[in-house]
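Residue-level listing of the chains:
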Amino acid sequence: MDRTSIKKWFKAPDKMGQKYSLWVVYFCTGCGIIEVPPVITSRWDAERFGVIPVATPRQANLFLITGYVSLKTLKAIIRTYEQMPEPKYTVGFGSCPINGGMYWDSYNTIKHLDKYIPVDGWIAGCMPRPEAIFIAVTHLWTMIDKGMAKGYIKYRENYKYYRQNQERLFGKLEWPPLYPIEERENT
Amino acid sequence: MKEKSQVKRTSFLTPFKAIKYLFEKPVTLRYPFEQKEPSSRYRGFHLNDWDKCTGCGNCADICPNEAITMVEIPEIKPKPGEKNERPQIDYGRCCFCGLCVDICPPGSLRLSRDYFHIHFDKNTFTLLAKDEKKDKEHFLPEEKYSIFQASLTHRKKNNEGFTSDLNYSLFEPERVPMPQVPPEKRKLSFIEQVLGYSDEEAKKEALRCLECKLCEDACPAHLKISDYIKAIYEGRPDESLRKIFEDNPIPAICGRICMAHCEKVCSLGKRGEPVAIRWLKRYASDTIKDYEKTLKLKPAKLTGKKIAVIGAGPSGLTVAYFLRLKGHKVTVFDSLPGGGGMMRIGPPLYRLPIESIDKDVNYIASLGVEFKFNTTVGKDILFEDIYKEYDAIYLGIGTTVSRSTRVKNSDKAYPALLFLRENKIGKRVKVGREIIVIGGGNVAMDVAREALRLQHIQYPGEKVITKIVCLEDWDIMPATKEEIEDAKEEGIEFTPGWGPKEIKVEDGKVKGLLCIKVKSVFDEQGRFNPTFYEDKKMFLKGDMIIEAIGQAPDFSFIPKELFDRLEFTPRRKVKVDENGKTSLPKVFAGGDIVNLNLDAVTAIADGKRAAEGIDLYLKEELKNVSRE
Amino acid sequence: MATSLPDRGKGKYIEGKVKKMDKLIKEITLAFKGVKETTIEADKLIINAKKDDVLDILNFFKERGYDHLSLISCVDWIESGQFELIYILSSYSEQNGKKHIILKTKIPRKNPKFKTVIQIFENAEPYEREIHELFGINFEGHPRLTHLFLERNYKIPPFRKDFNTREYVKEFFEKIPFVEDKK
Amino acid sequence: MKTERELELYFGPQHLGMVGNFSITLQVEGDKIVKAFANPGYLHRGFEKLMEYRTWIQNFPMVCRINVIEPDSMEMVYAMAVEKLAGIEVPERANYIRTIVLELSRLASHLFGCWAYANMLGFDTVAQWAMYHRDLLLDLFEELTGGRVYHIYIWPGGVRRDIPKGFKDKVLNTLHTIGSCIPDYDAAFFNNRLFYKRAKNIGKITKEQAKRLGATGPILRATGLKHDIRKIDPYAMYDKIDFEVPTREDGDAYSRIWVVRDEMIQSVHIIMQCFEKMPEGEVFNRIPNPFKWKIPKGETYVRVESSRGELGLYLVSNGEDKPYRVHFRTPSYPHGLIILEKLLEKASIADVGNIMISLYVVAPEIDR
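Residue numbers (the numbering used here), protein chains in the order written: chain A, 11 to 197; chain B, 3 to 630; chain C, 3 to 185; chain D, 747 to 1114.
Simulated pairs of lysine to aspartate or glutamate, EDC-like, Cα-Cα distance not exceeding 16 angstroms:
{"id": "1", "chain 1": "C", "residue 1": "Lys-177", "chain 2": "A", "residue 2": "Glu-177"}
{"id": "2", "chain 1": "B", "residue 1": "Lys-124", "chain 2": "C", "residue 2": "Glu-182"}
{"id": "3", "chain 1": "D", "residue 1": "Lys-1088", "chain 2": "C", "residue 2": "Glu-124"}
{"id": "4", "chain 1": "D", "residue 1": "Lys-1040", "chain 2": "B", "residue 2": "Glu-236"}
{"id": "5", "chain 1": "D", "residue 1": "Lys-953", "chain 2": "C", "residue 2": "Glu-96"}
{"id": "6", "chain 1": "B", "residue 1": "Lys-124", "chain 2": "C", "residue 2": "Asp-183"}
{"id": "7", "chain 1": "D", "residue 1": "Lys-957", "chain 2": "C", "residue 2": "Glu-124"}
{"id": "8", "chain 1": "D", "residue 1": "Lys-953", "chain 2": "C", "residue 2": "Asp-69"}
{"id": "9", "chain 1": "A", "residue 1": "Lys-170", "chain 2": "C", "residue 2": "Glu-182"}
{"id": "10", "chain 1": "D", "residue 1": "Lys-1038", "chain 2": "B", "residue 2": "Glu-236"}
{"id": "11", "chain 1": "B", "residue 1": "Lys-19", "chain 2": "D", "residue 2": "Asp-870"}
{"id": "12", "chain 1": "B", "residue 1": "Lys-232", "chain 2": "D", "residue 2": "Asp-1067"}
{"id": "13", "chain 1": "A", "residue 1": "Lys-164", "chain 2": "B", "residue 2": "Asp-123"}
{"id": "14", "chain 1": "C", "residue 1": "Lys-172", "chain 2": "B", "residue 2": "Glu-68"}
{"id": "15", "chain 1": "D", "residue 1": "Lys-972", "chain 2": "C", "residue 2": "Glu-96"}
{"id": "16", "chain 1": "D", "residue 1": "Lys-1038", "chain 2": "B", "residue 2": "Glu-213"}
{"id": "17", "chain 1": "D", "residue 1": "Lys-1038", "chain 2": "B", "residue 2": "Asp-63"}
{"id": "18", "chain 1": "B", "residue 1": "Lys-232", "chain 2": "D", "residue 2": "Glu-1066"}
{"id": "19", "chain 1": "D", "residue 1": "Lys-1068", "chain 2": "B", "residue 2": "Asp-63"}
{"id": "20", "chain 1": "D", "residue 1": "Lys-914", "chain 2": "D", "residue 2": "Glu-1022"}
{"id": "21", "chain 1": "B", "residue 1": "Lys-215", "chain 2": "B", "residue 2": "Asp-229"}
{"id": "22", "chain 1": "C", "residue 1": "Lys-100", "chain 2": "D", "residue 2": "Asp-985"}
{"id": "23", "chain 1": "A", "residue 1": "Lys-160", "chain 2": "B", "residue 2": "Asp-123"}
{"id": "24", "chain 1": "D", "residue 1": "Lys-957", "chain 2": "C", "residue 2": "Glu-65"}
{"id": "25", "chain 1": "A", "residue 1": "Lys-164", "chain 2": "C", "residue 2": "Glu-182"}
{"id": "26", "chain 1": "C", "residue 1": "Lys-163", "chain 2": "D", "residue 2": "Glu-794"}
{"id": "27", "chain 1": "A", "residue 1": "Lys-170", "chain 2": "C", "residue 2": "Asp-183"}
{"id": "28", "chain 1": "B", "residue 1": "Lys-19", "chain 2": "D", "residue 2": "Asp-930"}
{"id": "29", "chain 1": "C", "residue 1": "Lys-163", "chain 2": "D", "residue 2": "Glu-1066"}
{"id": "30", "chain 1": "D", "residue 1": "Lys-977", "chain 2": "C", "residue 2": "Glu-96"}
{"id": "31", "chain 1": "A", "residue 1": "Lys-160", "chain 2": "C", "residue 2": "Glu-182"}
{"id": "32", "chain 1": "B", "residue 1": "Lys-22", "chain 2": "D", "residue 2": "Asp-930"}
{"id": "33", "chain 1": "D", "residue 1": "Lys-957", "chain 2": "C", "residue 2": "Asp-69"}
{"id": "34", "chain 1": "B", "residue 1": "Lys-38", "chain 2": "D", "residue 2": "Asp-885"}
The set of hints was computed from the structure by calculation and includes no laboratory data.
Just so it is clear, the structure is predicted and the values come from calculations on it, not from any experiment.
With the sequences and hints as input, model every part of the structure.
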């Protein structure tokens, strides 16, 4: 942890602000959520890292996709993700979002999360331990510092393709596109 | 407890009791400054000892998520009976259940106590499991190991978590014990030592097989071992026998005396006992009383080609069987009164009863193979005649002449083959009371154990001694461990590490053997070239000496002009091409005169190869004829 | 219990129970014809009934104190072309609590439908809804046979044996391209 | 059906008042709920279908994932069914270890429930305690099984490894730590007047209603019925162990949480007794080679008492190396889909989370 870098605060206050207050959407997407309560309570205390769960996606900028994602949940995830203000970061938690995990042959879970929404980092494990969440957070800090956590920009730029993939799963989506699709294509 | 259900009207101040926790030490683990060690059984990432791993692929088979794939590693030079494949693990699939650890027969796969892998790149989640010996990148010394590296790093020491334990493994490390006649009883007569599995025992033993198929690669004849074992487990010995007969027409013989190269590489044998593959084959052939009814094999339509097979040993029988199935007319010549060749005279009766040999031979005969026993080629029938008359000839003559030690008075010693042969063919040799057997191979063991039985029969109740003298020390003795153990149990004395110098003779009678201490058996190139300490001598008393130090083939029946054209390898074996064909036209060869293994199953493999070769050769000849 | 409890007094305690079950078996075979029953364990009774009798048998057991419907399940016997509906009953009362009754009935696989049992056991509702969704069996008289778990409509209901989920995954999920590949 | 004043309100899956990935559609009039429709399926993975594609042993890592909060009872019920169909005996010591593991996981699960309930009602201090204490139990599991959350420890034929050295002392220490906090828990939570006001008469259900709707576990026991599968159909070592089944009469949220509290104390007693009575010896009867293991034809229904009620498994084998049909009867299924809908009728919106968590609905159990 680079506590001493006061310089950075002057140079890029926005980055520092985003880094040290990663607020997590309170959304139990899969079984990985079981390690989140210990993390946010006294034993591990995620607040030391600036991580707290918040009630609505409008206040959050970190989305922990905890574990497997079924089709029905994916719909909710997309809606939640699109409601989050930028800059926003997603972290895939556990094996399942990476390559299907335990449910690699299930008819109702998606196998690769990054086909539908951008993911900035992945945590291996089934279940990953609470420590892994902290490490992921510190990694995210460095990534934000270096400007590597650009998932949301990617989403904006490739929204057409993401939307296409989403519609292949659900048919026509009932909510309007987040970004205008046609215009993007021209620029 | 019921009283408590009525709510106590506690003061509204009571909850403030909790304030006392303000003054206690906080329970928060100040991670990462303060760390909690994972438990000693933690199921983290995989470690794999590449030196121990055999590439059997059991881990990949049991993985419920198909997270493990076996990847071929070209750098690895596999040991015999191992594959150069190593497990690659996809952490996008792995659920850290540890099934792979519990099934790993050599115990090379373990789970570590480290569990961090956090990365923005998805492709880093698939990797080959290694351990600190092979992987320099991911294993860090304790002082360098840091959670911030967090990319599959392990500490160098003390990184093992969940490891394989034979007490809790998913496979059964112990073999079903084979019922045997106790040594005190069996040494008195020639009854068969091993009784054979019952149905139940065979099924239980067959259940142990993990179907990794390492054995099939190791078997010279490439029998479909896992298939026939599976059939036995499923209670279908007939199906099992059918599978065996696809590659091996003499299961009753092979099931008893095969050298079992398969069992040496069996993955279960890495830490436990290998599956008793040979006994299971024996079980299959013994349970089926009548091969003909079960197998229902019919030879193909006659092709009109005639083939002579010289020698009814394992390779000769195999050639005869396969060629007969292809529709050729086969005649087998052998100088012995029955089939089996060396199998008939070599292995003692307590290992291989004559009935078992006859069972296999009779079945092959019943397919229409003509056997001409008591016919020595070169004496009763000339090789030239055969050469003219038949379309192809197979030489499966084996090694029939015992080598001699050529020490002083070695003419007074008994050659092993003569001894064995005379015993088998009726004439019981009059043995001495103190026998010395020279040699440390399986033949020597057979000879010694047979001699011991003869002694017990001929001198009932008297004190008799049989000793084995051999050049090799215990660790390099060529006989199988099993045989040595059995011989020891029966009371045979061993003096390993001594070489014969002179046979002491008085009044034409053998008095004993003068031995000298062996310095080394092999030279630097690993060739057989013994050296001795000339000053260290020892005298062994004995009234009969048998030499069992090896055999050589006898080509005297082949006429000189043909023999001169026969080519040999540098190690004095007959040179054959990949079809088993020798340098002589239409002559094929196999068995002990070709290979260096000198055992039955390699002879079968040779026979199979030659049968294919002969068939191909005859077909091509047919084409040539029609073209003309 | 298959587990080792050697001195659980297998003699007296269970014998008494078996007798009680015997009485029940007698009653039910008298009341309904074509009922086949097998006892798999001392206190587990399997009853194979005709599909028309099922509601009456459920009522019959409910009257005799088997008032807890543990589970409604369904098995797809694809080879014989039938679905098997399974009703597992037990009791809330202490003396009968150990016993189970597994009531089974077979219905044809083609155009499968059955009567709902909500009027007898209220908690049958979600179970029937689940079976409707995963096996495609219609329960006549059920108030809401809507989607329970699934988001998509599948051509073959996913729990039927002829629905191969591994093939489905290959056909459907694997074919969706990564965004990087699309560009 | 819907009048003009009524409004449809979606509650969950992303909602602070929702524990687990579950959602309810509420028809409200003002802040009164007219009708509620449970909307599960956010965690549906088709477990029972996937298990038909895996061999008997490959299913073991699978079953525990059905319920993330209390995986051990899932493993237990599957192991029991497999043992019954395959006729495998379990050594006595293994049964004692199983009992200990099951009770530890019941404790962990109840503490999780306490966390959720206290958190929901705003008793944050208590919530922090409960989660900390649960974490101590998870450390014990890690020591014993090698995994914090998914243990994969109870196997057919026994347990996967014997208990490590010094484990007993660690368990007793931890239980002592937790037990010494019970007065504080009581003072701050269970006997708290605010809690009483908030939970009393909320989500009330009568005994008859509970029976009719298929309730089991603490919910049923809170209505006064002494129904516990550990007593009436004992498995593992529960018939050799002396314990009580706590009950309450009122059937409301307050009674339910008290039943849970008393059950935790009973669990501690059971664990202590198990350690006293546990004999030395084997813990694992080796199962057949997993690549060749076939289980004879048959079917069975087994059940255990999980922390939330009757957990049953209907298992059909047709003599192959894979199960033919698996169906879990999970306790949350009737609780979440029927009882919750019934109890939410005429409740106020503010009580939705309160009722739902007092019913202890675990979403992955429903969806499977």
